[in-house]
Amino acid sequence: MKNERKSQVSVGLTKDEKSLLLKTSFKQNRSVSQVMRFAVKNYLDKISAPHASHLEANSVEDTFSRLALQIARNADILNTMEVILIEGKILDKKLPFQISYFSDNVGKISGYDRYDLLDQDFLKSRIHPEERKESLFHPSNKSKWEKTFRFKKPDGRYADTRVSFRIMDEINLLGIWQFI
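Residue numbers (the working numbering): 1 to 180.
These are computed hints drawn from the structure, not numbers from a lab. There's no promise every hint is true.
[Stated by the list, open to error] Mimicking DSBU-like on lysine-lysine, the simulated pairs with C-alpha atoms at most 35 Å apart in a straight line are: (1) K144 - K41; (2) K144 - K94; (3) K153 - K142; (4) K23 - K93; (5) K18 - K144; (6) K18 - K94; (7) K41 - K142; (8) K15 - K153.
Just so it is clear, the structure is predicted and the values come from calculations on it, not from any experiment.
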């Protein structure tokens, strides 16, 4: 258990869900993360023993149960479609943007550890030499753009891939990377 990898999960909450979570956290004298962990644990218990668990309608636990189900569906879609989600930061429009996040399935799809790929030099070294000239990491003048390139897998073979980026605001961009 000591070396067990933990996953971090992000969820989007509506204003009402956030308010309910904060009120519940205050009433129960627990941190928001404790309430969330409890809700996820209840959800997982419900899956493993559906007859033994009952969640109160519109409770924080019920809300997080629904969100956990949505997250599980999204993960299934990402894994089935072999799509990797990317987040990046534009610190200076004249410089390459920095990739700050790859979805959990990046290792399964690319064959490399996520933390290795977050190293821009490592990632660039896996792009086919003929395609390295055309920088993948410079923000476009457009709000969204797409590039295809060959990516070297750990076995030495190159896979055709496509990456699409969209600028969200002055600093943040989102992308998807697909092996085709």
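These are the hints, each one checked on the structure:
1. K144 - K41: 39 Å, violated
2. K144 - K94: It holds: about 17 Å lies between the C-alpha atoms, which stays within 35 Å.
3. K153 - K142: 30 Å, holds
4. K23 - K93: Roughly 42 Å between the alpha carbons, so the hint for K23 and K93 is violated.
5. K18 - K144: 31 Å, holds
6. K18 - K94: 38 Å, violated
7. K41 - K142: 43 Å, violated
8. K15 - K153: 43 Å, violated
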